[in-house]
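These protein sequence lines are chains A and B, in that order.
If you count by the numbering used here, then the first sequence holds residues 1 to 112, one letter each, in order.
If you count by the numbering used here, then the second sequence holds residues 1 to 112, one letter each, in order.
No lab work stands behind these hints, which were simulated from the structure alone.
For every residue, glycine included, the Cβ atom is placed at its ideal position computed from N, Cα and C.
Please note that a few of the clues may not be correct.
[Unchecked claim] For each label pair, taking beta carbons as the anchor points, the in silico distance ranges come out as:
{"#": "1", "chain 1": "B", "residue 1": "A2", "chain 2": "A", "residue 2": "L61", "range": "23 to 31 Å"}
{"#": "2", "chain 1": "B", "residue 1": "N62", "chain 2": "A", "residue 2": "F9", "range": "26 to 34 Å"}
{"#": "3", "chain 1": "A", "residue 1": "Q44", "chain 2": "B", "residue 2": "N65", "range": "26 to 34 Å"}
{"#": "4", "chain 1": "B", "residue 1": "K9", "chain 2": "A", "residue 2": "T30", "range": "27 to 35 Å"}
{"#": "5", "chain 1": "B", "residue 1": "S69", "chain 2": "A", "residue 2": "P112", "range": "49 to 57 Å"}
{"#": "6", "chain 1": "A", "residue 1": "P112", "chain 2": "B", "residue 2": "P39", "range": "24 to 32 Å"}
{"#": "7", "chain 1": "A", "residue 1": "S51", "chain 2": "B", "residue 2": "N28", "range": "21 to 29 Å"}
[Unchecked claim] Distance condition first, Cα-Cα at most 25 Å in a straight line; then the derived BS3-like pairs of lysine-lysine:
{"#": "8", "chain 1": "A", "residue 1": "K36", "chain 2": "A", "residue 2": "K56"}
{"#": "9", "chain 1": "B", "residue 1": "K44", "chain 2": "A", "residue 2": "K70"}
{"#": "10", "chain 1": "B", "residue 1": "K44", "chain 2": "A", "residue 2": "K99"}
{"#": "11", "chain 1": "B", "residue 1": "K44", "chain 2": "A", "residue 2": "K67"}
{"#": "12", "chain 1": "B", "residue 1": "K44", "chain 2": "A", "residue 2": "K36"}
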Amino acid sequence: GEDVEQSLFLSVREGDSSVINCTYTDSSSTYLYWYKQEPGAGLQLLTYIFSNMDMKQDQRLTVLLNKKDKHLSLRIADTQTGDSAIYFCAESISGGYNKLIFGAGTRLAVHP
Amino acid sequence: NAGVTQTPKFRILKIGQSMTLQCAQDMNHNYMYWYRQDPGMGLKLIYYSVGAGITDKGEVPNGYNVSRSTTEDFPLRLELAAPSQTSVYFCASRGFGNTEAFFGQGTRLTVV
Chain A
1 GEDVEQSLFL
11 SVREGDSSVI
21 NCTYTDSSST
31 YLYWYKQEPG
41 AGLQLLTYIF
51 SNMDMKQDQR
61 LTVLLNKKDK
71 HLSLRIADTQ
81 TGDSAIYFCA
91 ESISGGYNKL
101 IFGAGTRLAV
111 HP
Chain B
1 NAGVTQTPKF
11 RILKIGQSMT
21 LQCAQDMNHN
31 YMYWYRQDPG
41 MGLKLIYYSV
51 GAGITDKGEV
61 PNGYNVSRST
71 TEDFPLRLEL
81 AAPSQTSVYF
91 CASRGFGNTE
101 AFFGQGTRLT
111 VV
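The whole structure should be built from the sequences, with the hints applied where relevant.
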């Protein structure tokens with residue numbers, strides 16, 4: 001089946017690192033994504049990783065992929081108040097119409 | 001370049017009314033998607049399309065219909081609105097072979 005799961009809430013202190021975790025079930029995923037949604041807005045792509053990679057770094061963002069355990073994580077270094085948002089993990093299912101399946105989203109709250 | 005445009009932004013419907021949520025993209029993308037976002041539930045895929053004339057059901061298609069007569073447009077139709085359809089609806093598109101899906105700003109629908 002196709003399912004993506006995330007914890008719903010994470011609270012961190014400004015300047016600390018945030019780690020948001022995600023698990024998925026479909027082993028045929030080609031790409032895995034992290035999207036950010038700010039209040040009242042649509043979703044914006046933060047970063048993505050191809051399924052044959054283990055890690056991807058993009059400035060303050062580090063994505064780790066454990067394909068064996070079907071586990072994806074997003075680490076945000078030096079978290080700022082502007083990082084407060086909902087973060088969605090998503091997988092692209094290969095074959096057919098390349099469905100994008102999203103998790104429920106993790107609400108990140110950054111406090112001083 | 002407008003990207004993905006959704007109209008209307010807000011709408012209140014009475015139970016049993018019908019309406020069409022419009023979605024248009026100007027990026028010549030093959031894939032288009034409709035999602036609904038309920039609080040704490042993340043995004044659920046309603047319908048998707050790989051190109052003009054081809055559509056398929058997602059996770060929660062009941063109560064909705066779609067059509068894809070052109071590459072640019074992917075309208076979502078609600079025939080008999082029900083309170084359970086109160087949600088925020090997002091349309092997205094992605095090009096063939098592209099990694100990123102682009103989202104519209106959303107339509108907030110309330111059924112009373």
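Distance restraint hint 26 to 34 Å, applied to the beta-carbon atoms of N62 (chain B) and F9 (chain A): Holds, since N62 (chain B) and F9 (chain A) (Cβ atoms, about 30 Å apart) stay within the stated range.
Hint consistency between K44 (chain B) and K36 (chain A) [alpha-carbon to alpha-carbon, up to 25 Å]: Answer holds: K44 (chain B) to K36 (chain A) is near 16 Å, not above 25 Å.
Verdict for S69 (chain B), P112 (chain A) (Cβ pair) under range 49 to 57 Å: Because 52 Å falls inside the window, the suggested range holds.
Outcome of range test on Cβ distance (K9 (chain B), T30 (chain A); 27 to 35 Å): At roughly 33 Å between Cβ atoms, T30 (chain A) and K9 (chain B) fall inside 27 to 35 Å, so the hint holds.
Supplied distance hint 23 to 31 Å, evaluated on CB atoms of A2 (chain B) and L61 (chain A): Once the Cβ atoms are compared, 28 Å apart, the range 23 to 31 Å for L61 (chain A) and A2 (chain B) holds.
Distance restraint hint 21 to 29 Å, applied to the beta-carbon atoms of S51 (chain A) and N28 (chain B): Since S51 (chain A) and N28 (chain B) have Cβ atoms about 26 Å apart, the given range 21 to 29 Å holds.
Pairwise hint evaluation, K70 (chain A) against K44 (chain B), where the allowed Cα distance is 25 Å at most: holds, 20 Å
Given hint K56 (chain A) paired with K36 (chain A) - CA-CA distance at most 25 Å: holds, 17 Å
Proposed proximity, K67 (chain A) with K44 (chain B) (alpha carbon, max 25 Å): holds, 24 Å
Agreement of K44 (chain B) and K99 (chain A) with the hint, judged by alpha carbon distance not exceeding 25 Å: Measuring from Cα to Cα gives roughly 11 Å; hence the hint holds.
P112 (chain A) paired with P39 (chain B), Cβ distance criterion 24 to 32 Å: The hinted range 24 to 32 Å holds for P112 (chain A) and P39 (chain B), with Cβ atoms some 27 Å apart.
Supplied distance hint 26 to 34 Å, evaluated on CB atoms of Q44 (chain A) and N65 (chain B): holds, 29 Å
The structure meets every hint from the earlier list without exception.
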